[in-house]
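Undergrad: Work the whole structure out from these sequences, hints included.
Residue-level listing of the chains:
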Amino acid sequence: MSAHKEKTVAELAAHVGGSVAGDSSIVISGVASIERASEDEIAFVEDAKMLENALGSRAACLIVPEDFFPESEGKCLIRVARPKLAFALIAEILHPPKRLPASIHPTANIAASAQVGEDVYIGAHVSIGERANVGDGTQLYHGACVGDDVTIGRDCIIHPNVVLYDGISLGDRVILHAGVVIGADGFGYVPDENNVRHKFPQIGTVIIEDEVEIGAATCIDRGALGETRIGRAAKIDNLVQIAHNVQIGARVVIASQTGISGSTVIEDDAIIGGQVGMGDHARVQSGAIIGSKAGILPGKIVRAGVWWGIPVQPLEDYKRLNAHMNRLPQLREEVKELRRRIAELEERFKDEHGDSK
Amino acid sequence: MSAHKEKTVAELAAHVGGSVAGDSSIVISGVASIERASEDEIAFVEDAKMLENALGSRAACLIVPEDFFPESEGKCLIRVARPKLAFALIAEILHPPKRLPASIHPTANIAASAQVGEDVYIGAHVSIGERANVGDGTQLYHGACVGDDVTIGRDCIIHPNVVLYDGISLGDRVILHAGVVIGADGFGYVPDENNVRHKFPQIGTVIIEDEVEIGAATCIDRGALGETRIGRAAKIDNLVQIAHNVQIGARVVIASQTGISGSTVIEDDAIIGGQVGMGDHARVQSGAIIGSKAGILPGKIVRAGVWWGIPVQPLEDYKRLNAHMNRLPQLREEVKELRRRIAELEERFKDEHGDSK
Amino acid sequence: MSAHKEKTVAELAAHVGGSVAGDSSIVISGVASIERASEDEIAFVEDAKMLENALGSRAACLIVPEDFFPESEGKCLIRVARPKLAFALIAEILHPPKRLPASIHPTANIAASAQVGEDVYIGAHVSIGERANVGDGTQLYHGACVGDDVTIGRDCIIHPNVVLYDGISLGDRVILHAGVVIGADGFGYVPDENNVRHKFPQIGTVIIEDEVEIGAATCIDRGALGETRIGRAAKIDNLVQIAHNVQIGARVVIASQTGISGSTVIEDDAIIGGQVGMGDHARVQSGAIIGSKAGILPGKIVRAGVWWGIPVQPLEDYKRLNAHMNRLPQLREEVKELRRRIAELEERFKDEHGDSK
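Protein chains in written order, with the working numbering: chain A, 22 to 378; chain B, 22 to 378; chain C, 22 to 378.
If chains are identical, the list can't say which one is meant, so a pair holds when it fits in one copy or spans any two.
Subject to a maximum C-alpha distance of 30 Å in a straight line, what follows is the list of computed DSSO-like cross-link-like pairs (lysine-lysine):
1) K321 with K70
2) K28 with K119
3) K105 with K70
4) K105 with K321
5) K105 with K26
6) K96 with K28
7) K357 with K371
8) K96 with K26
9) K70 with K96
10) K70 with K28
11) K26 with K119
12) K357 with K340
Read the hints as simulated data drawn from the structure, not as lab findings.
TA: Shown next, in the form of structure tokens:
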């Protein structure tokens, strides 16, 4: 959901520190892929194989690596060190997130004790609880539910039907996609002598730091006694489960459908693939990259490097072991052959020397 | 959620091209299992082992294979080639999806520029955005959110609390179960030199073709620059993740909790089990059947046939390798035995010939 | 989301059958961890290693095992057999779930034929369908949708944006977290000769028994012809998928992101880890504990004991096989060595005896 703006090639090149070849006064109104670009759009090329297609496209301008000197002089170019990054930065300018004008929909249900900042959009069927605080410039879409004593920072985007339980806290510029649930009770029970489970108290909170983005239907449980924390600028995909008291570091990336059990720590800048499962009280250190579908046992410490498999092991080990497993049928054949040769030796030995026993 | 109608056995048999044995004027008011059928309901049998139970049931009529000639003449029968299919077709007649009368609930929030067709039901707490278009006969339940510029076809059923982000498009007779999220931003970022992630533009769309059904809490992200597409009559289960720019073919089936990464293509008629994970830019060809929990690496092409495991391999290979792994302890014992026999041979050789070195 | 009460140490000790050392008149207003406890809070210690920290904490009172006799006499203690259980029981007293006063929000949409009991809280933007029945003391939060003919027992807590499809039934003291979906159509189709899938009738129901708690965004489908049932006091985590006709026994525990296919039975007291996948028509017997990420094939019967892996096997077998796999490189080396020794034997044999062939 984004708006549209227009800029000249010169303005865009300045924004990304690039140099222009061609007419820098061309007005660009959007970004596009090479295949779909129209005459007022800008595309990017990073791969020399795509260059010919790019030059033949309708794009008004191409963002290209500094070492590309295409012969076609007809196309306007912006040369930069990292075209894909420049493309993303330009898209931030040309397609800023949609901002609805400040307003409160008449169907919204806002507690008298809630504090709503300046320039806030509150959509239809939203609820905001007692003593909640919504920062300036934040947008709350249809059906979002903000519990009592929740704090939301400035310029957040809360998509439809998000649920924030009581007492949780969001920083500034946080984006929560539709159906996100933050602050539900963690999953902890203590069985009594009749195996009836009593809830271990789930009375902590969740703290989401600035610039975090969380994908649709992801669930982040509140701390049992302490807090669950998502560090600054972490990016979390759809349908992820984050249990009570998990600590996610700054700039961590977590792909879809991964599940992280209670009290596990993921340090700054770690990258976690999709459908990964982590036991409780594990620790993923900075510099670790965890491949999709990996499994991390409770209490495990995963150091920097690339990890793979169930249970996780260094990617190189995983590959080597996998190769060994794939050669198992061959190994079996080799053992059979050795067995045959030994039997033959034994037979010959017996023939020529008799049984020495 | 379904309504109830009544039909005679004759009418039902005609609908499924079956032949009746017994009183074809009996009125049937519902389908049921053999165990639970009451005197005005119809059940089906496909397995000869179930036949006796079926004849003893209270069902008013049984749908049976053409080659069943039960001796009990007391029971009304409809004979067809495929009883389970006939049962499903008869259930479509007797239990059509619930249709609420055309109406717009006073709590619904409908933009002035939205177009709502004939015979549409719009439930409580629904929102419909600017320039959205809702086709004739569509039913939108409680709390559904239709973004700006969304197009919804005819006779769709949008269950409670579904979220359709701006600009996405649904065909006709689409069914979306509760909590589905369509069109959230795809998960794509470009890190800068400080490892701050900038959103790669997620400004494409999602196209859902006719007769698609999508299970509860499934998330389908919008294309980054292009579109994410779900092909005609595809059936997708609950809690599935479909990333940006994925292309799902016609009549594809995807079971629960499967995740499909960006730009992956699933061709027509492929069948995907539950909890499968697919890397990005993979391709599953027509005729492929992917077993539950399989893992498909990025860029992998999966041909027709049955596939299994992490990473996926043909089921036969998977089974063979699995058998080899299960025999590993035995292989180890064999190697030990060979080692013992070799040592013995070496010993004898030395005893009788001395060490030739 | 919980309230706060105050009790003396004497009252709390009596509640958990513990004996007090120190001043039993101290007033306690909450539970806390050792690290975070303030002067009016109670904490617990189960591990002797934590004892010193605990005695040094600010907690007003500690719950300790009966065999702990700390030298520090300054701290008030409650001695019990199971401190963690006592802590949970005390938390139930000091932090009872939040109860909003009986009221019906003016934005709620309640069918005229619905029956709402005494002392019920119905929040903003809730819908309650025709002939639905809400028991005494139940709390329905923002945006919850209760379908037609739904029965909800007494003292349930239905968190925001939960969806209950038509006809499903909840017992007493059930807790459903935000975004739960109960009663969506099961995933069952019958393909016709053109591979067009017709919905197998999904016209059964879901029965949730007393004291069940279900985590955020979990989906439980209705039975196809019969019912899906969640047994008394079962505890289910977030983002779990439970398919049509599944039977979950009493006191079963299921961790996050697990998926259970159609008609599978989980008997009383079984414990299921996270991200487990179960095929259809499987049975997990009482006393079984299934490790995270395990895979259970359709029709499999899993007996009491600890199970692990894909496909599941007894944990001991899994560990043994895993050890064998990790020694594969070594096994390969051994086979190589044997090959060398055999070749040497063969060579010597030939040297000394000539080729006997």
